[in-house]
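Residue numbers (the working numbering), protein chains in the order written: chain A, 8 to 345; chain B, 8 to 345.
Note that these hints are calculated values from the structure, not bench results.
One should not assume that every hint holds.
When the alpha-carbon atoms are kept at most 30 Å apart in a straight line, the in silico DSS-like pairs for lysine-lysine are as follows [stated by the list, open to error]:
1. A/Lys176 / A/Lys151
2. A/Lys216 / B/Lys263
3. A/Lys310 / A/Lys341
4. B/Lys341 / B/Lys26
5. B/Lys13 / B/Lys151
6. B/Lys151 / A/Lys151
7. A/Lys263 / B/Lys263
8. B/Lys208 / B/Lys308
9. B/Lys216 / A/Lys263
10. B/Lys263 / A/Lys208
2 protein chains.
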Amino acid sequence: MSTLNKQIVLAARPAGFPKESDFRLVESRMPVPAADQFLVRSLYLSVDPYMRPRMAAGGRSYARSVEIGEVIVGGVVGEVMESNHAQFAPDDIVEGMFGWQHYAVSDGAGVRKVDPTLAPISTALGVLGMPGLSAYFGLLDIGKPQPGETVVVSGAAGAVGSIAGQIAKIQGCRVIGIAGTDEKVRWLIEDLGFDAAFNYKTTPNYYRKLVALCPNGIEVYFDNVGGEITDAIIRLINVRARLVICGQISQYNLEKPEMGPRWLWALIVRQARAEGFLVFQFADRFAEGLRQMAQWIREGKLKHRETIVDGIENAPRAFIGMLQGENIGKQLVKIADL
Amino acid sequence: MSTLNKQIVLAARPAGFPKESDFRLVESRMPVPAADQFLVRSLYLSVDPYMRPRMAAGGRSYARSVEIGEVIVGGVVGEVMESNHAQFAPDDIVEGMFGWQHYAVSDGAGVRKVDPTLAPISTALGVLGMPGLSAYFGLLDIGKPQPGETVVVSGAAGAVGSIAGQIAKIQGCRVIGIAGTDEKVRWLIEDLGFDAAFNYKTTPNYYRKLVALCPNGIEVYFDNVGGEITDAIIRLINVRARLVICGQISQYNLEKPEMGPRWLWALIVRQARAEGFLVFQFADRFAEGLRQMAQWIREGKLKHRETIVDGIENAPRAFIGMLQGENIGKQLVKIADL
Numbered sequence: 008m009s010t011l012n013k014q015i016v017l018a019a020r021p022a023g024f025p026k027e028s029d030f031r032l033v034e035s036r037m038p039v040p041a042a043d044q045f046l047v048r049s050l051y052l053s054v055d056p057y058m059r060p061r062m063a064a065g066g067r068s069y070a071r072s073v074e075i076g077e078v079i080v081g082g083v084v085g086e087v088m089e090s091n092h093a094q095f096a097p098d099d100i101v102e103g104m105f106g107w108q109h110y111a112v113s114d115g116a117g118v119r120k121v122d123p124t125l126a127p128i129s130t131a132l133g134v135l136g137m138p139g140l141s142a143y144f145g146l147l148d149i150g151k152p153q154p155g156e157t158v159v160v161s162g163a164a165g166a167v168g169s170i171a172g173q174i175a176k177i178q179g180c181r182v183i184g185i186a187g188t189d190e191k192v193r194w195l196i197e198d199l200g201f202d203a204a205f206n207y208k209t210t211p212n213y214y215r216k217l218v219a220l221c222p223n224g225i226e227v228y229f230d231n232v233g234g235e236i237t238d239a240i241i242r243l244i245n246v247r248a249r250l251v252i253c254g255q256i257s258q259y260n261l262e263k264p265e266m267g268p269r270w271l272w273a274l275i276v277r278q279a280r281a282e283g284f285l286v287f288q289f290a291d292r293f294a295e296g297l298r299q300m301a302q303w304i305r306e307g308k309l310k311h312r313e314t315i316v317d318g319i320e321n322a323p324r325a326f327i328g329m330l331q332g333e334n335i336g337k338q339l340v341k342i343a344d345l
Numbered sequence: 008m009s010t011l012n013k014q015i016v017l018a019a020r021p022a023g024f025p026k027e028s029d030f031r032l033v034e035s036r037m038p039v040p041a042a043d044q045f046l047v048r049s050l051y052l053s054v055d056p057y058m059r060p061r062m063a064a065g066g067r068s069y070a071r072s073v074e075i076g077e078v079i080v081g082g083v084v085g086e087v088m089e090s091n092h093a094q095f096a097p098d099d100i101v102e103g104m105f106g107w108q109h110y111a112v113s114d115g116a117g118v119r120k121v122d123p124t125l126a127p128i129s130t131a132l133g134v135l136g137m138p139g140l141s142a143y144f145g146l147l148d149i150g151k152p153q154p155g156e157t158v159v160v161s162g163a164a165g166a167v168g169s170i171a172g173q174i175a176k177i178q179g180c181r182v183i184g185i186a187g188t189d190e191k192v193r194w195l196i197e198d199l200g201f202d203a204a205f206n207y208k209t210t211p212n213y214y215r216k217l218v219a220l221c222p223n224g225i226e227v228y229f230d231n232v233g234g235e236i237t238d239a240i241i242r243l244i245n246v247r248a249r250l251v252i253c254g255q256i257s258q259y260n261l262e263k264p265e266m267g268p269r270w271l272w273a274l275i276v277r278q279a280r281a282e283g284f285l286v287f288q289f290a291d292r293f294a295e296g297l298r299q300m301a302q303w304i305r306e307g308k309l310k311h312r313e314t315i316v317d318g319i320e321n322a323p324r325a326f327i328g329m330l331q332g333e334n335i336g337k338q339l340v341k342i343a344d345l
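Using the sequences and the hints given, assemble the complete structure.
Okay, here's the thing in structure tokens:
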């Protein structure tokens with residue numbers, strides 16, 4: 008086994024849209040687990056939108072910023088190589104926030120074991136991980152969709168949106184997806200069973216398109232993107248609508264907040280609610296969510312898709328590509344085979 | 008008894024801030040109650056911010072617009088003069104949406120009887136009417152304030168805000184009020200027991216002022232005004248904060264939506280919620296709210312204040328003055344003595 012670790016660190020705080028030069032691949036000494044720690048070898052790295060605000064200087068994210076020179080934060084599925092920890096043993100497959108690197112040590116905080124016989128281990132970063140759980144709890148607990156209601160999902164072909172839309176279908180809703188390529192739109196309608204979807208990049212007037220696709224208005228909006236798409240949605244919400252604010256990817260690369268029309272008055276008129284959430288607030292119910300989604304997958308009701316690039320050196324490009332909407336479903340970086 | 012009715016009708020849709028010429032005083036024949044109707048003589052007219060959006064062309068309010076030539080909508084406390092209705096008898100004091108006029112007929116829909124021995128009858132349009140109920144249900148049911156939490160109220164010296172802030176004090180919260188004159192600020196602190204308050208018209212930086220007055224952040228915001236005050240609040244909300252969107256008076260006189268910085272990302276970071284409401288959604292619990300507030304008034308825990316002008320011809324000026332923040336507490340127009 009090599010005695011060198013490879014890591015992607017933050018080279019510079021991105022100004023606006025990240026560039027590959029904002030990241031640097033470094034080699035460092037292999038970490039050594041201390042008492043009550045274990046060593047993990049990375050198999051898959053997760054690439055997620057939330058990482059962008061964490062690369063900004065303090066205050067824009069819900070967690071502390073990544074500092075210059077620090078390893079990029081992120082979920083990883085890996086294999087335990089050595090352990091001084093009572094609950095983790097060599098060969099265990101684990102998921103945790105180990106960051107973009109080949110090897111990490113952990114004291115087990117926030118780490119869960121993954122059963123490789125239940126589903127491909129990469130799903131622990133997608134449909135059976137934080138993105139899937141965000142879709143599950145955000146849609147069901149905050150959106151509270153009822154059969155027959157109209158649910159619109161933005162960022163609908165991403166790791167979270169594609170699951171949220173399918174769960175809304177399982178609940179008996181009419182589901183409209185918004186995505187950024189014709190290929191994604193076809194996938195949503197033909198493979199995932201969305202009732203309708205459109206490519207916002209080729210749609211000149213979001214509002215008129217939504218009026219046509221949502222003739223009875225909108226009860227639930229699952230928002231991954233924010234900005235002008237969300238502005239258009241708000242003009243169409245029905246009484247007691249629920250806006251689930253999961254992400255705002257359209258805003259993450261802006262140096263200062265974009266201006267938009269004020270719309271709180273619409274919440275009064277419609278007696279409606281906008282609520283933001285972080286998946287961690289549902290931590291004590293993760294097992295419930297994973298059990299239910301695993302069952303839906305077995306029953307063929309819930310599908311997922313992954314976009315995988317190989318090699319840690321390609322993680323920054325994959326991340327930039329995801330911010331530009333190049334991926335379909337969950338974006339992963341494969342580091343090694345099990 | 009005169010056989011003429013006096014009415015204030017909409018003469019023109021206000022362009023921006025209403026002018027007196029947007030209203031017209033007209034005389035018309037006395038209405039005559041048909042079968043199952045009764046005739047009401049107005050004693051007090053209510054003047055409320057929500058009337059402004061209802062004067063705009065369709066779509067900006069939660070109810071249909073007042074048309075040109077129609078009587079201005081509004082709550083009235085009056086006395087039943089004649090009745091063909093089984094539930095209402097002459098001399099009953101009633102509260103209902105009879106509009107800005109001396110006499111109206113009603114079939115009793117949405118009308119409640121007022122007990123003049125319990126409190127001055129004008130309070131049926133204020134603390135023991137829609138404004139008080141808006142404060143009660145908006146704060147308690149949507150804001151859900153807990154003892155020790157920080158509650159900020161905008162439009163704090165108005166009919167709704169002054170009650171909402173006092174109810175928050177009764178719940179054991181630290182309460183900060185925002186108002187538009189030094190006299191209002193003194194009233195909030197010295198008479199109503201707010202912990203702090205400030206005059207936004209003489210405060211150059213709302214955010215810095217709020218940082219100073221809310222050193223532990225903000226859990227509940229009761230919003231009557233919107234705009235830049237609300238922008239400043241959002242930068243200071245704590246985890247799981249509740250933004251109660253009751254009114255947006257800063258926006259009602261704009262011809263098109265004002266632009267402001269987008270802030271949905273703050274709802275995610277703080278796992279927070281913004282919810283609009285209309286008091287009517289709590290209609291089946293009005294009796295509970297009125298009973299509780301009447302008890303607090305008797306116990307000296309809940310105070311209220313009225314700004315009263317005389318004569319229906321002064322209703323438009325009173326309305327314009329209220330939109331400019333001239334009133335303290337509930338703005339009324341007195342039509343006649345009981």
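Status of each hint after checking the structure:
For the given pair, A/Lys176 sits about 13 Å from A/Lys151 by alpha-carbon distance, which is consistent with the 30 Å threshold. Taking the CA atoms of A/Lys216 and B/Lys263, the gap is near 22 Å; set against the 30 Å cutoff, the hint holds. Only pairs whose Cα atoms come within 30 Å are accepted, and A/Lys310 paired with A/Lys341 is accepted, the gap being roughly 21 Å. Between B/Lys341 and B/Lys26, the direct Cα distance comes to roughly 21 Å. Compliance with the 30 Å bound is thereby established for this hinted pair.
Between B/Lys13 and B/Lys151, the direct Cα distance comes to roughly 44 Å. Violation of the 30 Å bound is thereby established for this hinted pair. For the given pair, B/Lys151 sits about 20 Å from A/Lys151 by alpha-carbon distance, which is consistent with the 30 Å threshold. Straight-line distance between C-alpha atoms of A/Lys263 and B/Lys263 comes to about 24 Å, which keeps the hinted pair within the 30 Å bound. Restraint check for B/Lys208 and B/Lys308: satisfied, since their Cα atoms lie roughly 29 Å apart, inside the 30 Å limit.
Restraint check: the Cα-Cα separation between B/Lys216 and A/Lys263 comes to about 22 Å, which is no more than 30 Å; the hinted pair holds. Among the hinted pairs, B/Lys263 with A/Lys208 is consistent with the structure: their alpha-carbon atoms are about 26 Å apart, no more than 30 Å.
Violated hints amount to a single one, hint 5; each of the other numbered hints is respected by the structure.
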